[in-house]
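Knowing the structure of chain A, use the given hints to seat chain B on it.
Here is what each chain is made of, one letter per residue.
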Amino acid sequence: MPIYQGTAIKNVFDLINRDNPGLPFPVNESTMIVGVPLAIAPTAQKHDTQIRLVPKSGSMYRGGITLTYRRLILASLFRECTPIIERFFTSRWIPVSEMLPLVNAAAGMNFSMVDFVEGNTIHGSQIPGRNFTLTVKPESLMYTGTVTMAWVMGKEELGLDIMTQATLAGELWPSDKGNDFVAWDDRRAYGTWLFWNKHFTEEAILGNWPAVAAGTVTNTSVGSADASSYGGIGKMYADAFLAQGLEINFDPYNETTNPKGLGTKPLFLRFIGLPHPSYPEANRPGFSYAAVMYTQDAALYNKFGRTIMYYNK
Amino acid sequence: MSIFIDPKQSLMDYINAANGVTRFTVLNTALSAPQPVAGTWREGTTTKNTFVKATAAPGADFKGKTYLMYDRLQLGDFRHFRPVRPLPCYQVESVHDILSNILYYYAIKLGPDDVEDDPITLDGEGNGTITVRAKAGALIWLGSVTFDIVPGGALIDDYLNSTTLNGLNYPVDDFTTQTSALIYTYGYDFSLYRDQFLLIDDGGVITQPQAALIAGALKSLDKGVGAALWVGVDATATVWNLFGATCVYNGLNSLEYASNTAYKYILVLELAGAVTKPSGRFILHYNDPEDPNAIT
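Heads up: the sequence lines are chains A and B, in that order.
Numbering-wise (the working numbering), the first sequence opens with residue 1 and increments by one.
Numbering-wise (the working numbering), the second sequence opens with residue 1 and increments by one.
If we strip away everything but chain A, and leave its shape as in the complex, we get (with noise of 0.2 Å):
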């Protein structure tokens, strides 16, 4: 557990508190109001702090009382002892109130921004050097002075850093349906197997399909007129599904006048080079590139999904 704990107000009402037991009606933060404190000569008990205690409107007390305490001295606290606060940060400052929750896990502290100024901490890439320092508001009810500490950027932490999406969006089957396999129906010809035994080295060669970088990709497109681009990268799509034995007759070429053809919408057609962070299940090892088709009609886009044709060239 932390060495101090407990908002600053609550410990200057434990204190008050456990030295005045049995009060009749309760001494708290709901029913007093706690005056700014005034710093005041030490006296024999060490006593450096003298603040007013009013009761609230509405309290169970009337009056007021004065009452002395020792406000903790952050360079007595912290005498020979420099907490190092190791965490990346994304620049070389830090503000303070996000450096406060560090160092009350590495030096046990329970610091909060009621009690300290704000402004920003230097990062000091190399320790003993370039400490940084946490000072104290003038009404802090628990301390005062100034604190110097150390701070190592360190390496960036997985979980807080990098990996900081626990939750991934798959592994997910190739479709926008993902695993929700209510209409299973609906898919179990999906495009995505269609051509995965196949490779279109060759037709990439003769049709000139792009050799796109990896990563990237190359949008066209493939409407009905253009159905003989790339080699005829459109009827190869479409004859790949009239080999299936599908009952849609897939007319690239007149689609206009076939009613079962793919409809009014164009194909899409993108070029993409792998491995792909977008397409992540049409990364395969042993190819470098893959043309993604895909129609714009939903209905027919919920069936087939994307179709990869993988290639090299």
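Calculated directly from the structure, the hints in this document are not laboratory data.
Among the hints, erroneous ones may be present.
Unchecked claim - Mimicking DSS-like on lysine-lysine, the simulated pairs with C-alpha atoms at most 25 Å apart in a straight line are:
#1 Lys56/A - Lys135/B
#2 Lys264/B - Lys65/B
#3 Lys56/A - Lys10/A
#4 Lys264/B - Lys155/A
#5 Lys155/A - Lys109/B
#6 Lys155/A - Lys219/B
#7 Lys135/B - Lys219/B
#8 Lys46/A - Lys264/B
#9 Lys198/A - Lys155/A
#10 Lys8/B - Lys48/B
This is chain B only, laid out in the frame that chain A set:
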């Protein structure tokens, strides 16, 4: 404002104001007990309800006497100005106990000379009713007023008697000179030394190799003044010296100690009696090595 101050002074202020002077004071002018006008021959000569005799006090720079007519106030009439609310009081036995409550909550200053000291009876919850009656000789008050009493209104300095609080405290006996061992090691991670630390036995003086090991570990972790000063095998050094330290506890972290709960194990040490710095118990924290295959 007269109802907020001493009645005698209040009446003196009115005498001065009526005569355009400031020379009359409670010291140089004596006032008799007030008398009701009703039933006296003055009844037909004034609309005021009270008269009083003012006499020059011995030593005054004037002499003689005179009679003054004025109005005393009905106690209950302030309720024309203030809403009727219960009067918070705590542990009161008679009317004179609640005079400061009446001043605090109703801004009416009544003194023991103004009202009768009738007893107050409260129920077990501290609730009750009391009629406050003006004394016959009250200088500016007449009649009575009844209050419902509820618990509250306790004078805080009657109950909060310890005003010199025993705290806040430091984790050392003398914060003006001592370095706290507890704070010194709170953030240090000794997991690298886990295997060696686990061999240290509870309850005994640590061996010299163990002292040297811990001193070396502290030197490597401390980036402050202690880094260069730690010794483990010096029988004479009185500061930063682990020679002769006793292992108070070594094992799983425990709520018994003000330890850092980010760690699984703690090693609690007490330095030898002659060693004065750092002060108090050391708690060295360490964990098992991270196992990439362990999922908890």
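| Are there hints from earlier that the structure breaks, and if so, what are their numbers? | 1, 2, 5, 7, 8, 9
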